[in-house]
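Asker: Just so we're aligned: the sequence shown equals residues 1 to 325 in UniProt numbering.
No lab work stands behind these hints, which were simulated from the structure alone.
Please read these numbers as outputs of a predicted model, since none were measured by experiment.
Do not rely on the hints blindly, as some may be mistaken.
To be verified - DSS-like, lysine-lysine: derived pairs with alpha carbons at most 27 Å apart:
1) 237 with 221
2) 66 with 103
3) 90 with 66
4) 233 with 221
5) 256 with 233
To be verified - Derived CB-CB ranges, DEER-like:
6) 226 with 128: 53 to 61 Å
7) 177 with 254: 48 to 56 Å
8) 50 with 89: 17 to 25 Å
9) 10 with 154: 43 to 51 Å
10) 22 with 136: 55 to 63 Å
11) 59 with 30: 42 to 50 Å
12) 59 with 6: 18 to 26 Å
13) 182 with 260: 17 to 25 Å
14) 101 with 33: 45 to 53 Å
Just so it is clear, CB atoms sit at the ideal spot from N, CA and C, and this is done for glycine as well.
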Amino acid sequence: MSQAWAGAGFGNLAIPRVGQEVIVDFLNGDPDQPIIMGRTYHQDNRSPGSLPGTKTQMTIRSKTYKGSGFNELRFEDATDQEQVYIHAQKDMDTEVLNDRSTKVRHDHTESIGNNQRITVTTGQTVSVGTKKEGGHDQTITVANNRSITVRNDQTLKVTNDRMAGISHDDGLYVKNDRRVTVGGKQEHTTTGDHISLVKGTHSLEVKGDLARKVSGALGIKVRNEIVLESGGKITLKVGSSFVVIHAGGVDIVGPKINLNSGGSPGTPVQTQQPAVLKALPDESDGISGAKDTEDAEPPRRNVQDAFNHPPQDLVPPQVQRIFSR
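Kindly generate the complete structure, drawing on both the sequences and the hints.
Answerer: Encoded structure:
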C-alpha cells in the first residue's frame with residue numbers, strides 16, 4: 001500500500017477502511033503482487049465537508065472505528081476567514097521536550113467544562129497590561145471556595161487603593177509576630193462589640209492628644225497600683241464639683257465636701273458591662289493560691305473565658321492544617 005511518506009519508523013500511515021474505494025496497480029503487471037496506489041471519492045463515498053461550499057478548505061479527518069466520531073485537522077483559506085481547526089473526539093495530548101511559545105495578537109478564550117490543573121515546577125509570571133488604563137485589568141470569579149497555599153513568603157504590592165468586601169466572617173491567624181504601619185490616617189468602625197485580650201504587656205504611646213468618649217459607663221479594674229502622672233495638672237470633674245491636682249497643691253471645690261461621712265464607692269460597671277472587668281475577681285472571690293503581691297499572676301484563664309472564645313493557645317483546626325504543611 002502506497003503512502004505519501006514512508007521511512008524506517010517514521011512517515012505517515014492511513015490504512016484503508018472497509019467500504020473505501022481504492023486504486024490498485026500491480027508490480028511488474030503481476031496480478032499476484034497488487035499495490036494500492038491511492039483512494040478516491042464517489043457518489044456513496046463523499047469527501048469531508050460539503051462541496052462546492054467548502055472548496056477553500058483542506059481537511060484531514062479520520063473516523064472512529066465502529067463508531068460515528070472523528071478527529072480532524074482543517075485549514076480554511078477563504079479570504080478574511082482563514083482558520084486552523086483541530087477537533088479531538090476524546091482526549092488531546094501535547095508533549096514538548098523543550099520550550100513552547102504561543103502568541104495571540106488579539107483575544108484568547110478558554111472554556112473548560114470540568115476541572116483544570118496546572119503544575120509549574122520552577123517559577124511563574126503573569127503580566128496583565130503594560131499601562132495604567134482601562135482594559136488592562138484582571139478579574140477572577142470563583143463560584144464556590146478558593147484556597148491558596150504559599151509554602152514560603154508572600155508579598156503583595158498595590159500602588160493605588162485596595163478594598164476588601166467580606167459578606168460574612170473574617171479571621172486572621174498569625175503564628176508569630178504581626179506589624180501594621182499606616183502612613184496616613186486609620187479609621188476603625190465596629191457596629192457590635194469590640195473585645196481585645198492581651199496576654200502579655202499592652203503598651204500605647206500617643207505623640208499627640210488622646211481623646212476617648214464613652215456614652216455609657218467606664219470601668220477600670222487593676223490588681224496592683226494605678227499611677228497617673230501629668231506635667232501640667234489632673235482634673236476630676238462631676239457637675240460643678242471638681243478636684244484639681246497640680247504642682248502647687250490639690251484644689252477641691254464643690255457645694256459640699258464630705259470627709260469620712262460614709263456612703264458607698266458605687267458600682268459604675270454593672271454585670272452587663274464589658275466582660276473583661278467581671279472576669280477579674282477580688283481575692284475574696286475564692287481564687288486558690290492567689291497572693292496579694294506585686295508579682296501575683298492575674299487569673300488570665302477567667303479573662304479568656306469572659307470573651308467566649310476557645311483557648312487562645314489552640315489554633316483552629318483549619319489553621320493548624322495550614323501551619324503543619
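Asker: Kindly indicate which numbered hints from before are broken by the structure, ordering the numbers from low to high.
Answerer: Violated: hints 2, 11 and 13.
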